[in-house]
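Protein chains in written order, with full-length UniProt numbering: chain A, 1 to 143; chain B, 1 to 147.
Keep in mind that the hints were calculated from the coordinates and are not lab data.
Some clues are possibly wrong.
Said to hold, decoys possible - Chain A stretches covered by chain B per the calculated footprint, using a threshold of three residues with CB under 8 Å from any CB of chain B:
(1) 123-134
(2) 137-143
What the hints assert, rightly or not - List of simulated lysine-lysine pairs, DSBU-like, C-alpha gap at most 35 Å:
(3) LYS41/A / LYS18/B
(4) LYS18/B / LYS17/A
(5) LYS133/B / LYS141/A
(6) LYS7/B / LYS41/A
(7) LYS63/B / LYS96/B
(8) LYS7/B / LYS48/A
(9) LYS17/A / LYS53/A
(10) LYS96/B / LYS41/A
(11) LYS7/B / LYS12/A
(12) LYS12/A / LYS133/B
(13) LYS101/A / LYS96/B
(14) LYS118/B / LYS133/B
(15) LYS8/A / LYS7/B
(16) LYS129/A / LYS12/A
(17) LYS129/A / LYS118/B
These figures come from a predicted structure and were not determined experimentally.
C-beta: ideal position from N, C-alpha, C; glycine also.
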Amino acid sequence: MSLSAKEKVIVKDFFEKVSTRSDEIGAEALARLIVVYPQTKSYFAHWKDLSPKGAPVRKHGITVMGGVYEAVSKIDDLAGGLLTLSELHAFMLRVDPVNFKILSHCILVVLSMLFAEEFTPQIHVAVDKFLALLALALSEKYR
Amino acid sequence: MVVWTDKERAAISDIFSKLDYDDVGQKCLSRCLIVYPWTQRYFGAFGNLYNAEAIMNNPMIAKHGTTVMQSLERALKNMDDIRNTYAELSVLHSEKLRVDPGNFRLLSDCLTIVIAAKMGTAFTPEYQASFQKFLSVVVSALGRQYH
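With these hints in hand, go ahead and build the complete structure from the sequences.
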């Protein structure tokens, strides 16, 4: 599965359109990750405050969303463009890749929640594919 | 045995009380067929599924979406024994319809997303957790009779 030229445009346009609320999207997606999938909290045991509306979760959600936007800018070569991030996740963070799927789902739910009219099925499929390819690129250096 | 907290029961009931089954059912099923096109393999007799517009305007898909929602309501009304409530449906899906159980999760993900669109910020993380727990119990019950 790869993104067609048309889908790349759809993804870039949509993320551009919602960019003013990217912090909110990131914070909300990460909050949902730890509430709906409590097992993911295991990666954040070093935080003093694991409440979904707390500062560490919000800050990290913003960081993660920043990574997603970086990936959008490198949509023509995700594996190459996300090499450093992949090394980070593979060697330092060692996040099990199954969690990329889970976080992608949370991002989709938040996009649907905040942009109900705009998040049509056609945009949904393009964004879902993009997030899956992003996850694949992040897993590049795992083994 | 699935244990439901009072909060979970309340959240799931609240979500269902706000749903128009015709609207949500149609949106959910058509979204699934568009986002995961391989699921169309089960709807060969449903007429024109040629593109997203055709799928979204297909009356047979809309009607089936309503059927799915009505089945989910049965699970809601029998929340403490979804397993037995769905025993016949599980046999139907495995023996007659021969649906790969992986598809149940795809459909339930689409339903979560359609309900998020409908409810907006009222679809809190806690609501999402309760609803996804309900759907995972349903999905598990549907997959039980496969062998």
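Right, here's what the structure says about each hint:
Look at the segment 123-134 of chain A against chain B: 3 of its residues bring a Cβ nearer than 8 Å to a Cβ of that chain, three or more, so the hint holds. Interface restraint, the segment 137-143 of chain A with chain B: violated (0 residues with C-beta to C-beta distance below 8 Å; minimum three). About 31 Å separates the Cα atoms of LYS41/A and LYS18/B, which keeps this hinted pair within 35 Å; it holds. Between LYS18/B and LYS17/A the alpha-carbon distance is near 29 Å, which keeps this suggested pair within the 35 Å criterion.
For the hint pairing LYS133/B with LYS141/A, the CA-to-CA distance comes to about 33 Å; that is within 35 Å, so the pair holds. A threshold of 35 Å between alpha carbons decides the hint, and for LYS7/B with LYS41/A the separation of about 22 Å falls inside it, so the pair holds. Taking the CA atoms of LYS63/B and LYS96/B, the gap is about 20 Å. The hint holds against a cut of 35 Å. Restraint check for LYS7/B and LYS48/A: satisfied, since their Cα atoms lie roughly 26 Å apart, inside the 35 Å limit.
The straight-line distance between the Cα atoms of LYS17/A and LYS53/A is roughly 25 Å, inside the 35 Å bound, and the hint therefore holds. A threshold of 35 Å between alpha carbons decides the hint, and for LYS96/B with LYS41/A the separation of about 41 Å lies outside it, so the pair is violated. A C-alpha spacing of about 39 Å is found between LYS7/B and LYS12/A, which places the hinted pair above 35 Å, so the restraint is violated. With a C-alpha separation of about 33 Å, the suggested pairing of LYS12/A with LYS133/B holds against the 35 Å cut-off.
Restraint check: the Cα-Cα separation between LYS101/A and LYS96/B comes to about 31 Å, which is no more than 35 Å; the hinted pair holds. The hinted pair formed by LYS118/B and LYS133/B meets the criterion: a straight-line CA distance of about 19 Å does not exceed 35 Å. For the given pair, LYS8/A sits about 42 Å from LYS7/B by alpha-carbon distance, which is inconsistent with the 35 Å threshold. The hinted pair formed by LYS129/A and LYS12/A meets the criterion: a straight-line CA distance of about 13 Å does not exceed 35 Å.
The hinted pair formed by LYS129/A and LYS118/B meets the criterion: a straight-line CA distance of about 23 Å does not exceed 35 Å.
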